[in-house]
Amino acid sequence: MRKLIVSVGMSLDGYIAAPKGEGDWISSGEEIWTHMFNDLADVDTVLLGSNTYEEYAGYWRSVLTNPDADPNERKYAQWADRTPHILFSNTVQSVDWANSRIARDPQAEVASLKQQSGKHMVAWGAGEFASALLRMGLVDELRITIAPVLLGGGLPLFQGIDRTKLKTIEVRPLKNGAVILRYGINTGK
Numbered sequence: 001m002r003k004l005i006v007s008v009g010m011s012l013d014g015y016i017a018a019p020k021g022e023g024d025w026i027s028s029g030e031e032i033w034t035h036m037f038n039d040l041a042d043v044d045t046v047l048l049g050s051n052t053y054e055e056y057a058g059y060w061r062s063v064l065t066n067p068d069a070d071p072n073e074r075k076y077a078q079w080a081d082r083t084p085h086i087l088f089s090n091t092v093q094s095v096d097w098a099n100s101r102i103a104r105d106p107q108a109e110v111a112s113l114k115q116q117s118g119k120h121m122v123a124w125g126a127g128e129f130a131s132a133l134l135r136m137g138l139v140d141e142l143r144i145t146i147a148p149v150l151l152g153g154g155l156p157l158f159q160g161i162d163r164t165k166l167k168t169i170e171v172r173p174l175k176n177g178a179v180i181l182r183y184g185i186n187t188g189k
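Per the working numbering, the sequence shown starts with residue 1, numbered consecutively.
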């Protein structure tokens with residue numbers, strides 16, 4: 001059965017965005033990209049909430065046409081351009097990126113996708129969307145890259161979730177000071 005993986009970058013003090021929404025603190029570098037591309041080999045569907053989709057789609061489509069783009073960003077943009085994306089929104093009426101579609105009911109859609117053949121699904125971003133997926137019991141794994149920075153405020157990773165037991169799958173320190181954490185979701189709360 002396919003898994004739903006929530007993957008996100010987070011500051012050491014638990015924020016996914018700084019107070020003004022800036023993301024310049026997120027860890028990057030060759031080691032991060034290598035790890036991400038290895039993970040993406042097992043993924044064939046991207047799930048996004050409406051707060052993430054517009055910026056995400058606009059940015060990665062612009063990378064495709066930018067001759068000066070970072071080679072790793074270009075590689076990801078090419079992967080994203082050919083990979084199905086599902087935007088979960090009750091307000092957005094249409095999307096114009098190839099291989100993208102809108103779904104309204106995460107519970108039914110993800111349950112259906114898990115029963116279909118294919119590789120795993122990844123939900124990028126976090127905040128409200130990841131919290132909703134967790135509350136619905138849809139998430140199988142959390143992959144959190146902790147950046148070596150304290151933001152002191154901003155958008156927290158999870159909001160309004162119940163206590164959830166996790167099983168450590170992997171802890172990987174990186175040379176740039178970031179740490180990649182992988183947790184399985186324990187269905188027994």
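A few of these clues could be false.
Below, in silico cross-link-like pairs of lysine to any residue (SDA-like), each with a Cα-Cα straight-line distance of 20 angstroms or less [to be verified]:
(1) K3 x A111
(2) K75 x K114
(3) K167 x L151
(4) K75 x L40
(5) K3 x L174
(6) K114 x G29
(7) K3 x K175
Hints are computed from structural coordinates only; laboratory data are not their basis.
Verification of the supplied hints:
no.: 1; hint: K3 x A111; in the structure: 10 angstroms, holds
no.: 2; hint: K75 x K114; in the structure: 27 angstroms, violated
no.: 3; hint: K167 x L151; in the structure: 27 angstroms, violated
no.: 4; hint: K75 x L40; in the structure: 11 angstroms, holds
no.: 5; hint: K3 x L174; in the structure: 25 angstroms, violated
no.: 6; hint: K114 x G29; in the structure: 32 angstroms, violated
no.: 7; hint: K3 x K175; in the structure: 29 angstroms, violated
The structure is inconsistent with the numbered hints 2, 3, 5, 6 and 7, although it conforms to all the rest.
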